[in-house]
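Trainee: For the protein sequence lines, the chains are A and B, in the order given.
Going by the working numbering, 283 is the number at position 283 of the first sequence; the sequence numbering is gapless.
Going by the working numbering, 655 is the number at position 655 of the second sequence; the sequence numbering is gapless.
To be clear, the hints were calculated from the coordinates, so they are not data collected in a lab.
Where hints are given, some of them may not hold.
Unchecked claim - No farther apart than 30 Å at their CA atoms in a straight line, the calculated lysine-lysine pairs in the DSS-like style are these:
no.	chain 1	residue 1	chain 2	residue 2
1	B	Lys646	A	Lys465
2	B	Lys180	B	Lys135
3	B	Lys77	A	Lys508
4	B	Lys545	A	Lys560
5	B	Lys135	A	Lys121
6	A	Lys280	B	Lys77
7	A	Lys490	B	Lys657
8	B	Lys646	A	Lys508
9	A	Lys288	B	Lys482
10	A	Lys596	B	Lys545
11	A	Lys596	A	Lys513
12	B	Lys568	A	Lys638
13	A	Lys465	A	Lys288
14	B	Lys568	B	Lys645
15	B	Lys536	B	Lys575
16	A	Lys97	B	Lys77
17	A	Lys490	B	Lys568
18	B	Lys601	A	Lys638
19	A	Lys121	B	Lys128
20	A	Lys645	B	Lys482
21	B	Lys545	A	Lys453
22	A	Lys596	A	Lys645
23	A	Lys390	A	Lys453
24	B	Lys646	A	Lys280
25	B	Lys180	B	Lys77
26	A	Lys522	B	Lys77
27	A	Lys645	B	Lys554
28	A	Lys611	A	Lys654
29	B	Lys135	A	Lys100
30	A	Lys453	B	Lys575
31	A	Lys508	B	Lys657
32	A	Lys453	A	Lys655
33	A	Lys645	B	Lys139
34	A	Lys490	A	Lys453
35	B	Lys626	A	Lys654
36	A	Lys304	B	Lys112
37	A	Lys161	B	Lys135
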Amino acid sequence: MIGSIFCLRLFVRSVVLGCMLCAVPAVAKDNVPDWVRTVAARPLPAYSPDTKAAVLLEETTYTVAADGSAVEHVRSVIKILRPQGRDDGIVAVPFDKDQKLVSLHVWSIGPDGHEYTVSDKEMVEVGYQGQGNLYQDDRIRSANPPGRDPGGVIAYEYEQKMLPYIGEKTWFFQGSLPRAEQIFTLELPPGYTYATVWAHHAAVQGSDLENRRWRWEIKDTPAINLEQILYRPAVSSLAGRMTVRYTSGAAPVDGWQSIGEWYDRLSHDRLAATPEIAAKASELTAGKTDFFDKTEAVAEFVQKEVRYFAIEMGIGGYQPHFAADIYRNRYGDCKDKATLLSAMLSTVNVHAALLMVDDRRGVIDPDAPSIVGNHMVTAIEVPKGYSSPKFRSVVTAKTGRRYLIFDPTWEKTSFGQLEHELQGSYGLLMEGPESQVIKLPILAPEFNTVHRKGTLHLTADGSLKGQIVEERFGDLSDHRRGLYTRGDAKQQADYMDHVLGEDFSAFKVSDVKVENAAELNKDLITAYTIDVDRYARSMGTLLTVRPRVLGEEAPPVDRKTRTVPIDLRETMQIKDDYTIELPGGYGVDELPEMVKIDLGFASYESATEAKGNLLHYSRTLTVREVALPADRYADLQKLSGVISKDEQSLAILKKQ
Amino acid sequence: MKNRTFLRIVLFTIFLVAVSPALHADQWTEPTKEELSMTSQEGYPGIAGVYLDREEVTEDRLHMWSVYVRLKVLTEKGKDYANVELKYASFRSGGGYSVNNIEGRTIHPDGKVIPFTGKPYDKLIVSKQGYEGYKYMAKVFTMPDVEVGSILEYRYTIRYDDNYYLSPDWYIQSELYLRKGHYVWKPTSKELVSRSAGREHLTNSLGWFPVLPRGTEIHQTQLPPTATNTEGQLILDLNVHDIPPAPREEYMPPISSFSYRVLFYYTPYRTSEEYWRQEGKYWSKDRDKFIGPGSKVTEAVQQITAGEQSQDQKLRKIYAAVMQLENTDYTRERARSEDKAEGLREVHDTDDILERKRGSGDQLAQLFVAMARAAGMKAYVFAVTNRDRSLFTDYYLNMSQLDDDVAVVNVDGKEMYFDPGSRYCPYGHLDWKHTNASGIRQTEGGGTVIASTVGEPYSFSRTQRIADLKMDEHGEVSGLVKVTYMGQPAISWRHRSLEGDTESFRRQLRTNLEEMLPGGMDVNVVSISQLDDYEKPLVVQYGIKGAAGSPTGKRLFVPADLFVTNEKPLFPHEKRELAVYFDYGSMVQDAVRIQFPQNIKAESVPATSHEQFEKFAAYSLTNEQKPNSVTVRRDLSLGQFFFEKKDYPALRDFYGKVENKDQEKLVLIASPTETGTGSPAASN
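Chain A extracted, bound-state conformation:
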């Protein structure tokens, strides 16, 4: 899968670093300022024993000038509580050419009370390392303060000058560390108005400080520590944040619409198609009359023939390149690929809009309009009255128009479907004045499947031989499609050995045949022959055999009390059918009991039957939801227990 996490400039930096600014009084640069000493001396609230570090103070002041430029001042004080918290004391402030870092001062107080000031020479600047396919002009100024031991206190203060691309500032006030006190101050020039929206947190009333200054204060914000949590959602999908939207006129009525209009201005000319683009689209759709066939041809071209390679500088974090350049170079990032697809489709009379999304489900909050998001996909308008069973990811906007949501960046998602990371989340449909937030669909389990079938023969010495055919479709086929289109023969063989090694201790695999690895709208079929030594165990006159030959599907669970929502990742349906011919001279003494359970969000059923000398096992696991509230964890534990028990169940054969 091509990562596209950094297609859009992320706004999680404050979450990572702790939040921002306040007006900075002059301080003696070489001494620990009094405000740091004062905060450090405050008694610490009671925290759970696994708290690594705590933010004692985070104070942000955001000052907007009449020309729209802004200055952000941040003060932060962090106390290290455990050895693992040392890394939380590393100061890292991101900046780029449009968000200049004017100053950064770092101080620390060791556990022994010694005070330190980090000099500029001791700081480093680090570039964005990318993912091997990315150029981004983001940089980080970083310091490694002394005294980063349990009991030590780290403090920093910085000032950043910026020309915001849009009149919006998001205050991220919750993260992986608890925060004792946080203050956000907004300063606006005359004639400006503002409005706030809150995500994942109840609105807090700000106080008017007069002279066009407003302040919000929050105390004792709990940490969102998901390190040891199974099925954890993204921290940012739970973390509280406040977005301030400001303008020199009246405050915008619909935030989503104004963001869409802003983006329209940013991207409009980039979407223009050239004759070359039109010619290619025409070539791809030649002879195709069906809407699905036409759009699929163009979409697959952009998906498969345009390489993911991101070049982002300044506003390039938001603004796509010109469609003509993307087409000529055959590379681009997510918004580039969405742009080119939109441009190509426009030449064959198909309208497509860009759709800003976030692959961390729950980060985009429909009630909190902002440009927080990390990915761009395409919303292809479906003609009125048209329908196709292959269109599985269709949404209807408030305008009544229907759109097929497709992500040309996800290399292994078939046209018509949507990767599970985006299902059930929200996105901003960029349709100029008709821009709006839309909910993305959750696909039916039948569109994300595994079906294993085995016809096997068991011998009296316990060895099992036969053929397995495995069909996969949807996201559950992603990894293997990648393996069979990108991996070499050794990687493919090693993978198969490891997969089978999960269920067999000594085996041989042969005659591996793979079909449809690159044809995303067809089942990926893997067929192979297995020869498993001592699959059945002889114990006196008994021979025990596990009817469930392959596949461990019990969701791993722990016994902790669940407090955060459960991210099940994807809907799916997994089926197994195995027929085992039993050795002569043996009869069935015991069979596993039939299992049937339906918990709403998921169901599981299995049955083992003996007919003559054949043992047949079948099961179906269906998962219908992508997320559950925390209080359903007991049900997930129950499901896991039922599946695990069934998977280990044995049939007992007895020598006649």
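Fit chain B to the known structure of chain A by using the hints.
Mentor: Chain B only, in chain A's frame:
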């Protein structure tokens, strides 16, 4: 454990003649029909791409290293090679290098040529005002219109700053197949000065460390003087062809440093022996200067060893004292400002380490040597190449291949090895990565010698896992598990304890056992004993509870050895290209006793089994049945850590048998005549 200084070659004379940057004109290679149409490389199905050509030419006279690449993209993954990142660095004082003259083109299988007209971007990796304004950057570019079947053709030059020379390294083997490689070095004939650790040497020789396919050699050609080059020109060149990708396998020896390559160096030495003798002398002198021992160390040793008579007794006291100090490899290296705040001067010698009661692993090893010497013993430093990373070779004339320091002390007439730099390593033992490791050591009289450290017997590293469990009438077990770690497993777990605090360590221990046991069992850590007492085993006691087996209508199947329930095949692959390399030899001894309630009996118990792989590995599974209990004992011993490729089938067969046997189960059955309560599976 520490940074080694690297050899920087500096021209002795100040100025050089200005050079011309133009090297390759606009010359591209016309692809052959076969190159355009090829879809795979014979013998390497599914390989991502093939280097059709790779050429590297280094001309000292021009301070330039030019690289030319022709790469055929064979799969989707091969397209990744269209993204090129070329790193370069600079210092304020000079000595850096830059990447220039990037040119390229993409050729489609139909012969269509798409020139590279894009812009290479300068990407910052890291920069710092200190360290002479060190700046580490990368030129990043990507080739246009790349598809499967494309040939990527590009070239660039790396230019070194005037007055600096850097000998080339030719890394020939990569993850791709190389059809044809051509490598050239035209070294300067000028006399150079190398500076290392404050010493300067006139260098007038060239050396190289070649790892090449059989029959492949570096050719040397001496061109006569010309009008423009009055001293003539030595040319070193190498032609290679059909180089396979570097092999990678699980449990492979640490040979990544020995893929096909040629590493050159300017050197003042004529032979390998001379290099190691002289550089060893410098290294030893530097170490001795740091070791001392100074007055503080001497005084401390007198106090520590007061009353002890034998060298062994004294050294044990000294070792224990060093082990009490903070090893900053496991905590945090302090900034100079922190030392200053504590009134500590810069570290010059072992007195300073002792005074601050902390140091890196190497510093503590050297302090231990200092203290042993202060106690009147012959003690030496031994720098080794860590066996978890690489292997030492004296053919490669470079001190940077050495990693950590261990100590050698003559105790009562016998040389013993110590690892005071590895926290919690027992007295007289080495951390596994330092065992059977080679490097350079000090000898009596101020000399040095290339040598190897000793190994540890497999019996040194033992893990005992004992479960004493009671089953209730529903088939659920509960009871105590005691795990005793000795030798290397104890060192490893103790090191893990240093990564966090008690809270995180207990979680790691609990998770470790949970992963071994049947799923869903409740595990809690009852006690951790002797965590800091590194001379004794580390003992962890757990309480466990839960369903241990799979029920059927009448029976309950319980894994005979609960501790291996979830183990997967060690060697699932039938084919193997490389030797097998474990970290160290070891023993694992399990005993699981389950007491049954009156209504449950064992119907069948796995038969006793013994397996042996020559003298190198042994396995046994035995059982002891009593009316109301079964005890299963399992021993697995691995006598050595290295197995040749030819031994793989037999070794795999041994482990296959072990893993098969490990999957056998106790078959339990309810006895209705005694309880009348039905099967043990009733509530499972």
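Trainee: Look at each hint and say if it fits the structure.
Mentor: Consistency of the hints with the structure:
1. B:Lys646 / A:Lys465: Holds - the C-alpha atoms of Lys465 (chain A) and Lys646 (chain B) are around 28 Å apart, at most 30 Å.
2. B:Lys180 / B:Lys135: Distance of about 35 Å is beyond 30 Å: violated.
3. B:Lys77 / A:Lys508: Satisfied, since the Cα-Cα distance of roughly 28 Å is no more than 30 Å.
4. B:Lys545 / A:Lys560: 15 Å, holds
5. B:Lys135 / A:Lys121: 13 Å, holds
6. A:Lys280 / B:Lys77: Holds, at about 25 Å.
7. A:Lys490 / B:Lys657: 25 Å, holds
8. B:Lys646 / A:Lys508: 20 Å, holds
9. A:Lys288 / B:Lys482: 71 Å, violated
10. A:Lys596 / B:Lys545: Status holds; Cα separation ~27 Å.
11. A:Lys596 / A:Lys513: 34 Å, violated
12. B:Lys568 / A:Lys638: Since the Cα atoms of Lys568 (chain B) and Lys638 (chain A) sit roughly 26 Å apart, the hinted pair holds (cutoff 30 Å).
13. A:Lys465 / A:Lys288: Distance of about 47 Å is beyond 30 Å: violated.
14. B:Lys568 / B:Lys645: 22 Å, holds
15. B:Lys536 / B:Lys575: Outside the cut-off at roughly 42 Å; violated.
16. A:Lys97 / B:Lys77: 33 Å, violated
17. A:Lys490 / B:Lys568: The hint holds at about 20 Å.
18. B:Lys601 / A:Lys638: Satisfied, since the Cα-Cα distance of roughly 29 Å is no more than 30 Å.
19. A:Lys121 / B:Lys128: 7 Å, holds
20. A:Lys645 / B:Lys482: 27 Å, holds
21. B:Lys545 / A:Lys453: 36 Å, violated
22. A:Lys596 / A:Lys645: 13 Å, holds
23. A:Lys390 / A:Lys453: 25 Å, holds
24. B:Lys646 / A:Lys280: 57 Å, violated
25. B:Lys180 / B:Lys77: Since the Cα atoms of Lys180 (chain B) and Lys77 (chain B) sit roughly 21 Å apart, the hinted pair holds (cutoff 30 Å).
26. A:Lys522 / B:Lys77: Holds - the C-alpha atoms of Lys77 (chain B) and Lys522 (chain A) are around 22 Å apart, at most 30 Å.
27. A:Lys645 / B:Lys554: Given that 30 Å is the threshold and the Cα spacing comes to 15 Å, the pair holds.
28. A:Lys611 / A:Lys654: 15 Å, holds
29. B:Lys135 / A:Lys100: 20 Å, holds
30. A:Lys453 / B:Lys575: 27 Å, holds
31. A:Lys508 / B:Lys657: 14 Å, holds
32. A:Lys453 / A:Lys655: Judged against 30 Å, a Cα distance of about 28 Å means the pair holds.
33. A:Lys645 / B:Lys139: Violated, because 56 Å separates the two Cα atoms, which is more than 30 Å.
34. A:Lys490 / A:Lys453: 25 Å, holds
35. B:Lys626 / A:Lys654: 25 Å, holds
36. A:Lys304 / B:Lys112: Judged against 30 Å, a Cα distance of about 19 Å means the pair holds.
37. A:Lys161 / B:Lys135: 25 Å, holds
Going through the hint list in order, the structure does not satisfy hints 2, 9, 11, 13, 15, 16, 21, 24, 33.
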